[in-house]
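Protein chains in written order, with this note's numbering: chain A, 1 to 203; chain B, 1001 to 1197.
Some hints here could point you the wrong way.
Unchecked claim - Below, simulated SDA-like cross-link-like pairs (lysine to any residue); rule was C-alpha separation at most 25 Å, straight line:
(1) LYS1152(B) with MET1184(B)
(2) LYS124(A) with LYS1185(B)
(3) LYS1081(B) with THR1012(B)
(4) LYS124(A) with ASP1172(B)
(5) LYS1027(B) with SER62(A)
(6) LYS67(A) with ASP1172(B)
(7) LYS1027(B) with ILE74(A)
(8) LYS67(A) with VAL1008(B)
(9) LYS1185(B) with ASP1107(B)
(10) LYS1006(B) with SER62(A)
(11) LYS1081(B) with GLY1141(B)
(12) LYS98(A) with LYS1183(B)
(13) LYS1132(B) with LYS122(A)
(14) LYS122(A) with ASP1172(B)
(15) LYS1092(B) with LEU97(A)
(16) LYS122(A) with LYS1006(B)
(17) LYS67(A) with MET1004(B)
(18) LYS1176(B) with LEU97(A)
Unchecked claim - Beyond 12 Å from chain B on every Cβ pair, some chain A residues (computed):
(19) LYS67
(20) ILE76
(21) PHE102
Hints listed in this document are in silico derivations from the structure and should not be mistaken for laboratory results. Note that the Cβ used here is the ideal one computed from N, Cα and C, for glycine as well.
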Amino acid sequence: MPKTIVQEFTKGLWQELPPFRLVLGLCPVLGVTTTMENGLGMGIATTFVLFGSNFLVSMLRSIIPQKVRIACFIIIIASFVTIVELLMQAYAYPLYLKLGVFIPLIVVNCIVLGRAEAFAYKNKVFYSIADGLGIGIGFTLSLGALGAVRESLGNGSVTVWGDLSYNLLSAFPSFQPFSFMVQAPGAFICLGLMLCFINAIGD
Amino acid sequence: MNDMIKMVVVLTVLSSVAGGVLAAVNKGTASQIEAQQLTFVKGPAIMSILEGSTNNPIEDRFKIVEGDAETSFFVGEIGGKTNTIAFEGFGKGFGGDIGVMVGINMDEDKLVGAAVTVHSETPGLGANAKDKPDLAAQFKGLSITDPVIVTKDGGKINAISGATITSRAVCDAVGKAMAAYQKMKPQLQQEIQKFGK
């Protein structure tokens, strides 16, 4: 049964929520979620790339020859990633400094290439845009959630763009922040626990 | 055969268009990016080092190209004398390159200060090189011929606890900047005179 555009969009928010349902693109998930702000920033950058690459791949799907499709996808994706990188440097420099090398690495993010190959190359333009946006926003929310958990346990407080902040220490004065959570091993453990939690809820 | 030609044409056209678009975006954002770097990264570091300067060091800058590296030098006018410059040195840290802005008084050949600009060190450990003044403050007043080595390696700089690699990298960056200064001093003196009153 063909899905509607709305369904293509919403599937990225729960049914195929990356990285919990589609366990893809784990490198940035583990690497940048030291704070909620970084996670959200990374998610937004990836969403822009997903939107752009899904849109172009779908538009050009009748022109791109089957045999060199991956090369074409990579050119398109890499172009969008470079655009994001430049724009971020120009307008959100502090965020760019924190995300660093993970921005260029969006090129090799499996989610982006996976959506181009598995979805955009076979579907109409509007469906592809809906799919890209849905997956992208799902990815942003997941990274934000993971970042929020890690930041609050590791630092004892969560701050997003300087304005929105929440201090765990004021609510639980006896809580001791453990910096383990903002380091790499903490990322694995936190991701594992969240995966477990999401699987326990089920569909 | 037809297939072959199509592949070549599509790939060529796609790459050319992508190249063109990227060149345009790059050109369009270049000046904005430079301005952002000056405000967010170099600006605060420069102002903390060249404290009390009566000019605007961020505007009074010049560039020297050596090999394929280009370094920006920021000129500070302190106490009526245009004799202080600040520039960046780099060292290899735990999570990538660490940039350290170093200020040198050219009359006395002494460091007036150092501040970390860019880094990707672990929050809470290596990141303290930038967030806390303990490490950077130790460089103030050193002569440019003094060795900059952490105590663990037999030097005099106290490393940040739990972040020896970061501390070594910062020392390395300062050391490199000092070496570069010694090499380029005559050239720098020529350039700096253009800013003097």
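Evaluation of the provided hints:
1. LYS1152(B) with MET1184(B): Violated, because 31 Å separates the two Cα atoms, which is more than 25 Å.
2. LYS124(A) with LYS1185(B): 63 Å, violated
3. LYS1081(B) with THR1012(B): The hint is violated at about 58 Å.
4. LYS124(A) with ASP1172(B): 55 Å, violated
5. LYS1027(B) with SER62(A): Outside the cut-off at roughly 32 Å; violated.
6. LYS67(A) with ASP1172(B): Status violated; Cα separation ~50 Å.
7. LYS1027(B) with ILE74(A): Holds, because 23 Å separates the two Cα atoms, which is no more than 25 Å.
8. LYS67(A) with VAL1008(B): Holds, at about 11 Å.
9. LYS1185(B) with ASP1107(B): With Cα atoms ~11 Å apart, LYS1185(B) and ASP1107(B) stay inside 25 Å; holds.
10. LYS1006(B) with SER62(A): 12 Å, holds
11. LYS1081(B) with GLY1141(B): 18 Å, holds
12. LYS98(A) with LYS1183(B): With a Cα-Cα distance of about 33 Å, the restraint between LYS98(A) and LYS1183(B) is violated, given a limit of 25 Å.
13. LYS1132(B) with LYS122(A): Distance ~53 Å between LYS1132(B) and LYS122(A) Cα, so the pair is violated.
14. LYS122(A) with ASP1172(B): The hint is violated at about 53 Å.
15. LYS1092(B) with LEU97(A): Holds, at about 16 Å.
16. LYS122(A) with LYS1006(B): The given pair, whose Cα atoms are some 20 Å apart, holds under the 25 Å limit.
17. LYS67(A) with MET1004(B): 10 Å, holds
18. LYS1176(B) with LEU97(A): The given pair, whose Cα atoms are some 23 Å apart, holds under the 25 Å limit.
19. LYS67: 6 Å, violated
20. ILE76: 7 Å, violated
21. PHE102: 10 Å, violated
Hint violations for this structure: numbers 1, 2, 3, 4, 5, 6, 12, 13, 14, 19, 20, 21, all remaining hints satisfied.
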